[in-house]
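Novice: Construct all of the structure, not just a fragment, from the sequences and the given hints.
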Amino acid sequence: GAIATAQAGVHNDVAAGEIVSSSPAVPYKIYLKASAIYKRLPEIYQYVKQIKRILNISSY
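For the sequence shown, my numbering gives the first residue as 7, with consecutive numbering after it.
Hints in this document: simulated from the structure, not taken from any laboratory. Just to be clear, a hint being listed does not mean it is correct.
[Said to hold, decoys possible] As a list, the in silico DSSO-like pairs of lysine-lysine whose alpha-carbon atoms are at most 30 Å apart:
hint	residue 1	residue 2
1	Lys55	Lys39
2	Lys45	Lys35
3	Lys55	Lys45
4	Lys39	Lys58
5	Lys35	Lys55
6	Lys45	Lys58
[Unchecked claim] Between beta-carbon pairs, the in silico distance windows are:
hint	residue 1	residue 2	range
7	Gly23	Tyr53	35 to 43 Å
8	Gln52	Gly15	30 to 38 Å
9	Lys39	Ile63	20 to 28 Å
10	Tyr53	Gln13	25 to 33 Å
11	Gly7	Ser64	44 to 52 Å
12	Ala40	Asp19	19 to 27 Å
13	Tyr53	Asp19	21 to 29 Å
14	Asp19	Ile57	20 to 28 Å
15	His17	Ser64	35 to 43 Å
16	Ile60	Ala8	42 to 50 Å
17	Ile43	Val16	18 to 26 Å
18	Lys39	Gln13	17 to 25 Å
Every residue, glycine too, gets a C-beta built ideally from N, C-alpha and C.
Specialist: Written out as C-alpha coordinates, the structure is:
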(Lines of atoms letter the chains of each structure in order from A; the text may use other names.)
(Lines give C-alpha, C1' and ligand atoms only; values in the text may rest on other atoms or scores of the structure.)
Protein backbone atom coordinates (compact mmCIF):
# COMPACT_ATOMS: atom_id res chain seq x y z
CA GLY A 7 0.00 0.00 0.00
CA ALA A 8 0.83 3.66 0.06
CA ILE A 9 2.16 5.69 2.99
CA ALA A 10 0.74 9.08 3.96
CA THR A 11 2.82 10.90 6.57
CA ALA A 12 1.24 12.74 9.50
CA GLN A 13 -1.17 15.50 8.47
CA ALA A 14 -0.93 14.61 4.78
CA GLY A 15 -3.94 16.01 2.97
CA VAL A 16 -4.76 13.18 0.59
CA HIS A 17 -7.56 14.15 -1.82
CA ASN A 18 -6.95 11.66 -4.63
CA ASP A 19 -5.80 8.10 -5.11
CA VAL A 20 -2.20 7.36 -4.15
CA ALA A 21 -0.31 4.69 -6.08
CA ALA A 22 0.79 1.55 -4.27
CA GLY A 23 4.24 1.99 -2.75
CA GLU A 24 4.13 5.80 -2.99
CA ILE A 25 4.92 7.98 0.04
CA VAL A 26 3.12 11.33 0.25
CA SER A 27 3.39 14.23 2.66
CA SER A 28 2.09 17.78 3.21
CA SER A 29 -1.27 19.29 2.44
CA PRO A 30 -2.22 18.94 -0.28
CA ALA A 31 -0.34 15.67 -0.47
CA VAL A 32 2.69 15.56 -2.75
CA PRO A 33 5.29 12.84 -3.29
CA TYR A 34 7.62 12.77 -0.27
CA LYS A 35 10.82 13.51 -2.23
CA ILE A 36 9.24 16.64 -3.72
CA TYR A 37 8.07 17.67 -0.23
CA LEU A 38 11.61 17.35 1.14
CA LYS A 39 13.10 19.43 -1.71
CA ALA A 40 10.41 22.10 -1.37
CA SER A 41 10.92 22.29 2.39
CA ALA A 42 14.65 22.76 1.96
CA ILE A 43 14.15 25.52 -0.61
CA TYR A 44 11.36 27.27 1.33
CA LYS A 45 13.67 28.74 3.96
CA ARG A 46 15.92 30.16 1.21
CA LEU A 47 13.12 31.94 -0.70
CA PRO A 48 14.04 35.47 0.47
CA GLU A 49 17.65 34.92 -0.65
CA ILE A 50 16.53 33.42 -3.97
CA TYR A 51 14.11 36.31 -4.54
CA GLN A 52 16.89 38.87 -4.03
CA TYR A 53 19.12 36.92 -6.42
CA VAL A 54 16.40 36.89 -9.11
CA LYS A 55 15.83 40.64 -8.65
CA GLN A 56 19.56 41.23 -9.12
CA ILE A 57 19.66 39.13 -12.29
CA LYS A 58 16.60 40.94 -13.67
CA ARG A 59 18.27 44.27 -12.96
CA ILE A 60 21.45 43.15 -14.76
CA LEU A 61 19.44 41.88 -17.74
CA ASN A 62 17.19 44.95 -17.70
CA ILE A 63 14.00 42.94 -17.29
CA SER A 64 11.16 44.99 -15.81
CA SER A 65 8.29 42.55 -15.15
CA TYR A 66 6.89 42.60 -11.58
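Novice: Honestly, which of those hints from before does the structure not fit?
Specialist: Of the numbered hints given earlier, those the structure breaks are 13, 14, listed in rising order.
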